[in-house]
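Visitor: Here's the letter readout for the chains.
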Amino acid sequence: MSLHKPYKDIPGTVIFDAEQSRLGYWLNQFCMSLMKADNRARFKADERAYLDEWAMTEEQKQAVLDRDLNRCIALGGNIYFLAKIGATDGKSFQQMAGSMTGMSEEEYRDMMLAGGRSAEGNRKLGEDGDAQAHRQPQGKAGQAKTGDKH
Amino acid sequence: MARITASVYTSHVPAIGAALDLGKAQEPYWQPVFAGYDYGKQWIKQQKPDVIFLVYNDHATAFSLDFIPTFAIGTAAEFQPADEGWGPRPVPVVKGHPELAAHIAQSVIQDDFDLTIVNKMDVDHGLTVPLSLMFGEQDPQQGAWPCAVIPFAVNVVQYPVPSGRRCFQLGQAIRRAVESFGGDLNVQIWGTGGMSHQLQGPRAGLINREWDNAFLDRLIADPAELAQMPHIDYVREAGSEGIELVMWLIARGAMADVAGGPAPEVKQRFYHVPASNTAVGHLILENKQ
Chain W
5 MSLHKPYKDI PGTVIFDAEQ SRLGYWLNQF CMSLMKADNR ARFKADERAY
55 LDEWAMTEEQ KQAVLDRDLN RCIALGGNIY FLAKIGATDG KSFQQMAGSM
105 TGMSEEEYRD MMLAGGRSAE GNRKLGEDGD AQAHRQPQGK AGQAKTGDKH
Chain U
60 MARITASVYT SHVPAIGAAL DLGKAQEPYW QPVFAGYDYG KQWIKQQKPD
110 VIFLVYNDHA TAFSLDFIPT FAIGTAAEFQ PADEGWGPRP VPVVKGHPEL
160 AAHIAQSVIQ DDFDLTIVNK MDVDHGLTVP LSLMFGEQDP QQGAWPCAVI
210 PFAVNVVQYP VPSGRRCFQL GQAIRRAVES FGGDLNVQIW GTGGMSHQLQ
260 GPRAGLINRE WDNAFLDRLI ADPAELAQMP HIDYVREAGS EGIELVMWLI
310 ARGAMADVAG GPAPEVKQRF YHVPASNTAV GHLILENKQ
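Quick mapping for you: the protein sequence lines, in order, are chains W and U. Following the numbering used here, the numbering of the first sequence begins with 5 at its first residue and continues without gaps. Following the numbering used here, the numbering of the second sequence begins with 60 at its first residue and continues without gaps.
Don't read these hints as lab results, they were simulated from the structure. Each hint can be trusted.
Below, in silico cross-link-like pairs of lysine-lysine (DSS-like), each with a Cα-Cα straight-line distance of 30 Å or less: (1) W:Lys95 / W:Lys40; (2) U:Lys83 / W:Lys40; (3) U:Lys83 / W:Lys95; (4) W:Lys40 / W:Lys65; (5) U:Lys347 / U:Lys154; (6) U:Lys100 / U:Lys347; (7) U:Lys83 / U:Lys154; (8) W:Lys65 / W:Lys12; (9) U:Lys154 / W:Lys40; (10) U:Lys154 / U:Lys326; (11) W:Lys12 / W:Lys149; (12) U:Lys179 / W:Lys40.
Model the full assembly from the supplied sequences, consistent with the hints where possible.
Guide: In C-alpha cells, the structure reads:
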C-alpha cells in the first residue's frame with residue numbers, strides 16, 4: 005500500500021516528511037552542529053573543510069556554500085535546522101524566509117506589513133498565485149525578468 | 060484536588076522574544092503585538108496559577124533528527140533556556156513540577172497515549188516566548204517565573220505530525236490526569252504556536268486572516284468538529300508551519316465543557332498581522348467555577 009501524501013500539490017512548498025528527513029539527515033545534523041560556538045567558528049574559518057567532515061552529498065554541500073535555502077530544502081533540509089546557518093551568518097528568520105522568494109529584504113518585509121502573502125492562487129499547483137513556479141523569482145527580480153522578455 | 064481552571068492560546072514567534080530581549084517592545088512595529096497581551100498580564104496576576112502545563116514544539120533545539128518524539132513530557136525539576144544559535148534568551152530558568160508531571164505521565168500512558176518522558180532538556184523560544192508574553196520581562200538571574208511549568212513538546216516539524224483529533228483526545232486525557240492528582244493545585248494549560256505562517260520556499264510569508272479567525276471561532280464554539288480537520292487543510296490554508304495549530308487542540312480538549320461541563324468564558328481574543336513572518340493569535344478561555 006502506498007503512503008498517502010496529499011501535500012505534494014501545494015506550490016512553492018516542500019513538506020518535511022519521513023522521506024525528506026531520510027534524504028536530509030546529515031545535512032540537518034550538520035546544521036545542528038552549528039549550535040555550538042566552537043563549531044560555528046570552525047565552519048566560518050573554512051566552510052568547505054568543515055562540510056567535508058559530514059556524510060553529505062556534494063549537491064547538499066554546494067547548496068550550503070551557495071546559501072541556496074530552496075535547494076537545501078529540496079535536498080532534505082528542514083527550515084528549523086537550516087536556520088542555524090542563518091544564525092551563524094547573523095541573519096534573522098525573516099531574512100532567511102525572504103531569501104527563498106527572490107524578493108529583496110525590503111520587498112518581503114513590506115509584503116508582510118501589508119498583511120502577508122495571499123492564499124489566493126497559491127493553494128494548488130496550476131493556479132496563478134505569486135508562489136507558483138511560473139512566477140518566480142518574485143518582486144523586482146521577477147519584473148526585471150519579465151521586462152527582458154517583452 | 061488539582062484542577063484546570065483556564066486555557067491560554069498564543070503564537071510563539073521567536074522574533075517576539077528577540078524584540079523583548081533587545082528592548083524594542085515600544086517600537087511602532089511591535090507595540091500593537093504586545094498591547095494584545097496587556098489584558099492577559101493583568102488577568103494572570105489575579106489567577107495566580109500554581110502550574111502551567113505548556114504545550115509547545117521544539118524547533119530543532121533539544122531534539123535533533125537523532126530522535127523525534129511525537130509527544131514528550133518534561134518531568135525534570137528545571138529546564139534551561141536553550142542557545143538556539145543566537146545565544147540563550149536572557150530569561151530565568153524554568154522550574155518544573157516533577158510530582159505532577161510524573162503523575163500525568165503515568166495516568167496518560169495508562170490512558171493509551173504513549174508519551175516520551177524527558178528528564179533532561181533545554182527549552183527553546185516555543186516555550187519561553189509565551190511565558191514572556193504573559194508574565195512580562197523577568198531578570199534572568201534575580202527574577203523568576205511566578206509558577207511551575209511542565210513542558211510538553213509535540214512534534215510538528217517532521218510529518219506526519221499528530222492529527223488534530225488525536226491532540227484533542229490527548230487534552231481530555233490530560234484533564235483526567237490532572238483531576239486525579241492528590242494535591243490542591245490551580246493548573247492552567249496553554250496551547251502555543253501558529254497562527255498562519257510559512258517559513259519556507261517561494262510560498263514563504265503566507266498569511267490567511269480569514270481562515271485564522273474562523274479557526275478561533277471554531278476553537279471556541281465547536282472544538283470537537285474542528286478537531287476533525289485534516290492536516291492538508293492547515294498546510295494549504297495556513298502555510299506549512301501553520302500546522303503548529305494542532306497543539307491548540309490539546310489545550311482546548313482539557314477544558315471542562317469537553318467533559319460535559321459548562322462552556323468556558325472567553326476572557327480575551329486578539330489577532331494581529333504581522334510579527335516577522337507570522338500571524339499572531341491569542342485567546343484566554345476560563346472555566347466557570
